[in-house]
Amino acid sequence: MSTPIKVDIWSDVQCPWCYIGKRKFEDGAAQFGGEVEVEYHSFELAPDTPVDFDGSPKDFLSQRKGIAPDQVDMMLDRVTGIAKSVGLDYDYDHVHQTNTIKAHELLHFAKSKGVQLEMKEALLKAYFIDGGHVGRIEDLADLATTVGLDRDEVVAVLEAQTYLADVKADVAQAEAYGIQGVPFFVIDGKYGVSGAQEAAAFANVLEQARSERDEPAAATQDAS
Amino acid sequence: MSLTSPFQMVGDPAAACVGDVCEIPQAAAAPTAPEDTDTNPLLSEHALVIRQLDENRV
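Heads up: the protein sequence lines correspond to chains L and Y, in order. So in my numbering the end of the first sequence lands on 224, straight run, no missing numbers. So in my numbering the end of the second sequence lands on 58, straight run, no missing numbers.
Hints are computed from structural coordinates only; laboratory data are not their basis. It cannot be assumed that every hint is accurate.
[Said to hold, decoys possible] So the derived label-pair ranges between C-beta atoms look like this:
#  : chain 1 : residue 1 : chain 2 : residue 2 : range
1  : Y       : Asp20     : L       : Asp214    : 35 to 43 Å
2  : Y       : Ala14     : L       : Gly114    : 31 to 39 Å
3  : L       : Arg78     : Y       : Pro13     : 16 to 24 Å
4  : L       : Gly34     : Y       : Ala14     : 26 to 34 Å
5  : Y       : Pro13     : L       : Lys125    : 41 to 49 Å
6  : L       : Ala160    : Y       : Pro13     : 40 to 48 Å
7  : L       : Asp214    : Y       : Met9      : 35 to 43 Å
8  : L       : Glu215    : Y       : Met9      : 16 to 24 Å
9  : L       : Gln31     : Y       : Pro13     : 15 to 23 Å
10 : Y       : Met9      : L       : Ser211    : 12 to 20 Å
[As the list claims (entries may be wrong)] Take a look, some chain L residues computed to stay more than 10 Å from chain Y by CB distance:
#  : residue
11 : Asp91
12 : His96
13 : Thr145
As the structure is a prediction and not an experimental result, all values here were calculated from the model. By construction, the Cβ of each residue, glycine as well, lies at the ideal position given by its N, Cα and C atoms.
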C-alpha cells in the first residue's frame, strides 16, 4: 500500500477560479486514478472586506480594483461561462460579497473533524451558487451542520477565534512561498501548479510525482 | 507567481491567475519594507528615545 500523493491547495472561498480549479483538479485526480490526500489552506484575497459589504461583487471589483463596471461585467460573464463548462452554475446576481476569515476558521475546524473537503465544497457552493452568506457566524454554523458538524460547537470556536492562528499561519506560508494568486496547488511538496489548469495538467503532474516515488524502489529492486 | 517559489512550476503559465479577481493586488502582496532606522533620522531619534525610556524603566 503506497502513501497517497499529498496535495496542498491554497484557496479562498470567494475566488471563482478556485471553485473551477477544484473541479478541474478533481477531474485530473480521477484521471490519475491513484490515491491522493488533499489539504486546503487559507488564502484571503480581500482581508479588509467588511462582513456585510454593502454592494454587489460588481461594486466591489469596481471600487476595490478600479475596474470599469462594463469590464467587470465582461470578467464575470467570462468566469461564469467557464464555470458552466465544468458544471457549476454561478449566480452572481445573488452573491454576498463578504469577509472570508470566519469561513477559513471554519475550514480549519472542519479539518480537525475530518470533514474539511466536504466543508470546502459546501462553502463554495453556498457562495457562488446558492446565494448564501459565508461571512457571518450564524450562517456558517447553519451551513456546517450540512456536513455533520455540531452547530453549537461551530459557533463557540468561531466566536473564540480558536482557529484564527491557523488561518494566519496558512496566509503567512503562502506569502513565504510567493503565492499571489489562487488557486495554488503544491503536489507532493515539490511541484507548484498555479491557477485553474486543465484536468490533464493535474493528472500529468500527479503521475509524475508517483513515478518519481517509484524510481528509488525500482532502482533498489534492480540492484538486488 | 513570484520568483521566490520553492516549487518546480508545471502547467500552462497562461492559466495562472494574473490581474484577475483571483490575485491579490501587488501593493498588498508586497508590503512596504519597514523603514531602516539607520537611514531615517526621525525614526533613529524615535528609537533612541524609546531606548532611553527603557533604560530609565530598568
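These are the hints, each one checked on the structure:
no.	hint	result
1	Asp20/Y with Asp214/L: 35 to 43 Å	holds, 37 Å
2	Ala14/Y with Gly114/L: 31 to 39 Å	holds, 37 Å
3	Arg78/L with Pro13/Y: 16 to 24 Å	holds, 19 Å
4	Gly34/L with Ala14/Y: 26 to 34 Å	holds, 27 Å
5	Pro13/Y with Lys125/L: 41 to 49 Å	violated, 29 Å
6	Ala160/L with Pro13/Y: 40 to 48 Å	holds, 42 Å
7	Asp214/L with Met9/Y: 35 to 43 Å	violated, 23 Å
8	Glu215/L with Met9/Y: 16 to 24 Å	holds, 21 Å
9	Gln31/L with Pro13/Y: 15 to 23 Å	holds, 22 Å
10	Met9/Y with Ser211/L: 12 to 20 Å	holds, 18 Å
11	Asp91	holds, 16 Å
12	His96	holds, 16 Å
13	Thr145	holds, 29 Å
Checked against the numbered hints given earlier, this structure breaks hints 5, 7; the rest are met.
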